[in-house]
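Trainee: Protein sequences, first through last, are from chains A and B. Okay, so the first sequence: first residue is 1 according to my numbering, each after it adds one. Okay, so the second sequence: first residue is 1 according to my numbering, each after it adds one.
Since the hints were derived computationally from the structure, they do not count as laboratory data. Built from N, CA and C at the ideal position, the CB exists for glycine as well. Each hint should be verified, as a subset may be incorrect.
To be verified - One-sided and incomplete, this derived list gives chain A residues near chain B with beta-carbon spacing under 7 Å:
1) M183
2) T239
3) T288
4) V309
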Amino acid sequence: MNEFLEPFERMLEDIATPAAVRAIEQGSSIDAMWRAFAESGFLDALVPEERGGAGLPLSEVQPLWMALGRHAVPLPVGETMIARALLADAPEAPVALAVAEGAAVVVPCGLVAAHLLVESGDGLYLVETFGEPTGVPASLAARFDLSPLPAPVAPAPEGGLRGLAAILRAALIAGAADRLTAMTATYANERVQFGKPIGRQQALQQQMAVMAEETVAARVASQLGCVGAFPPALVAAATAKSVASRAAARIAATAHAVHGAIGISEEHDLQLFTRRLHEWRLADGSETYWNRLLGASRLTDPGRSVDYVREAFA
Amino acid sequence: MFDTLTLASLPAADEALRPAIRALADEAAAQASADVRARSWSGFDPAFSRRLGAAGFLGLTLPKAYGGQERGPFARFVVVEELLSAGAPVAAHWIADRQSAPLILNYGSEAQRSFYIPRICRGELVFCIGMSEPGSGSDLASVRTRADRTKSGWRVNGQKIWTTNAMHGDYMIALLRTSGTSEDRHAGLSQLIIDLKAPGVTVRPISDLAGDAHFAEVFFDNVDLPADALIGHEGEGWKQVTAELAFERSGPERIYSSVVLLDAWIAHLRGMKRDDAATLGLVGDFTARLATLRAMSIACTARLALGESPVTEASLVKDLGTAFEQELPVAIGDDLAAHPEEAVDAELYRTLMFVTHVAPSFSLRGGTREVLRGIIARGMGLR
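Next up, chain B with everything else stripped away, as it sits in the complex:
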């Protein structure tokens, strides 16, 4: 079953990137407390992203002709693993590097590629993804926000929501209805690149339960876009978005969301010199599963490296990975509170509670658990 997910190793040439990216990641993260490092995904630091670009750590899968490194998915795996494991702030380049640039490379015109990709590779552009709407969550094909043809291009009206980084964003790649109605489902959808500075765009940040505001509502009121805002082919938006989601679901980011907490807890156990059987068993369980998930994620990366779009495999690794990420704060909270004789320092406590509070999002973003399991079931030949 799913035999293509088989053990693969990171090529030595890509592994060789590790010391340099580790030095940069540590420089950005070493001074930060664990609860700040646990916010690696939402940590917004444009200067750090530019440093990564200048050092050649962005655009690793992209052609040199557009400013990329032409190294492939394994190199990206190494770099992303180091950034997340250190808890470095990645939000200022994350989406653009992971999915916007590959999407533009695959479907964009020559002019779009030359305009956007080199700047993404330099860490200068912040992209966001315009998929969800108030009435369209998991049922993405029901989007209503429209782009209608005008003499000079397109006019956009409607609203997106839960858009990560929209308030910092330069551009949004939005899934919009360009013909028909939401009854037409997958047909009539297209992707357009929207300049978030354009007149008629309003961005309103949404505060979350952890005291952060990393996502936003975005309103479009007669926003006029040039004809070349369309990316790929009109009406092909669904197909393009599916390929884009494979990039979003398949990286090591889907197993490492709680790893800063895991390391902070292990440091606590070492400090307390705890070595009872229950503690050792819990540490060993997490370690064995982390080792296996990492190998599964590398196996998925190997499919990307072969030029495949491993939609089912990526869903499988993401679902198992997010279950692990979500179980960590539950089990660690139980462990710490089962030892009232041990002082838990404030930083570890804040880190635990931050991860506990945001953990539900791990199996929402990039496709809910139930949607992913539906994809896996189809891959098993069910339905």
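Excised from the complex, chain A in its bound form:
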């Protein structure tokens, strides 16, 4: 058990309640919640010890990122951890991450970030946020057109910023998936139809069993994404984001199928998590984006598939 996880979870239970998440989504100030994160020291989890951080390996930060997903935290906490690890002079305020490739890009938490860390070519750029709302109700994502950029502040990380963002997204998905699976099983045991809890219906049990499988797969894939050094290798980032993104849409679908109409309502907490699963699936490369990169890498290797995956994570 990770020694940082328990205090982190306790803090999230205090500050990231469903009411607090909704308030920020409706435009309330982020200051109190952000201050709690800033004062906790967790934002420097990935900063090397010689720069005053905790110097944690990715494998120990992964459970913290999952916890952010489990609580639908409406701030770019994981993104800021990554930005602080990459920049010697990182800003104090929340930072979101983006890769500029000529087209406008939708960035999760773009509306509540003060800065955007942008990768373009082989450089990193830090810009004040100027994102447009996407027009999607309650979404904190923003749309950015990333040209022109100021002077670079650092070289791009090896393997690219998108790989780092992808392993964060995979962990957030795994955390929200875990929460949704637990919520769904609880609901199925409580909701009575045809004179018995719907969780006794074999048809629903089978769907929820598959949901649990996908949830565990997303978690283990996310752990694989964080098993190596910072920043992750292509195979690690691709495996994590591909499997987690694929699971995200399926898990959201089953969660809603079991909850029925109440799960579609704003009032029920389900939507806080399922909306995020879809947003995170699309952010920083969907499953097909990463599958293509991983497939190209696999096809350069003449060996067996089992050897390929074994050696990639050795």
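Dock chain B against chain A, hints included.
Mentor: Just chain B now, kept in the frame of chain A:
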């Protein structure tokens, strides 16, 4: 949810077994065509199994006192992974090594342990599992084949079916009714070791749709067994069989059934120099899922290594693993037939069709998909 399934790594000492087992596996499989290697599970080669035993690759989880290696589930994972990935023939030792010997170790008498386990570790004994009957498939507790007490031991009457390797088998560990009737369900069941050479035993192979005959019907007509044929405790057969199935469901074999086909297809793609986006996406999807399933299987192995019986976790990995194994031939068939301009060599085509035809069995053997999902649902606190 199911937090015990968490990333674990193979200990270096067990990983160190890999070069030696790979050399042996390649020696047995390298000359074989892919469609023969794809039959790894049903490949029956007693000489190869004895070579594995002599080299110390059987009985890896069993105590040295009984001829085992005392190394544990991680070592077994490495060895099994290499055998299946190479497509080596494993049928002559598979069941005995995987579940019969651990069952005998857990529940057998000292005499039974000393008699059977050392010979299993040497690769000399072929075991089969007598569970299914014509009227008992997924509903295993409904078995009717009886073992009745006699003055000197037991008398068995009835029939088992779908018994893998019965025609090559030396012994069967059978789940039999020793008291009551099939109405009594889990009560009154016991496990007995049956010498398949005993008078009154008739084995009739069953041909399958792929042209093989790896399973059989087994008939028992007043088969007399000694008193020490009983393994474990009378009436405890259900509990014992449940623990045995955890061994059957949790190994890497539950994700690698189609891996010879996957590698043959990738060799084809490389030969054709295919690099369009759809192909790369498919290869990447399989690779990411294989990496994840392998990590999940190692996570399950880690629970075995802690001495647990991870029944729910094993069911979860097996269900997800067999879905992957079954999806491979469907997607690969679609891919190859979507490229009529490419010549598919006969060996790849035979391999594809063999895996396509036997793939339904992946989610039948060792517990059907629906039974496993029921176990997972119970583990989630449903019902």
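Trainee: Decide, hint by hint, whether the structure agrees.
Mentor: Results of checking the hints against the structure:
Hint on M183 (chain A) is violated. Least Cβ distance to chain B is approximately 11 Å, over the 7 Å limit. A distance limit of 7 Å between C-beta atoms decides the matter here; for T239 (chain A) the minimum to chain B is near 4 Å, and the interface restraint holds. Nearest Cβ of chain B to the Cβ of T288 (chain A): about 5 Å, under the 7 Å cut. The hint holds. Proximity of V309 (chain A) to chain B holds as hinted, the smallest CB-CB distance being about 4 Å (cut-off 7 Å).
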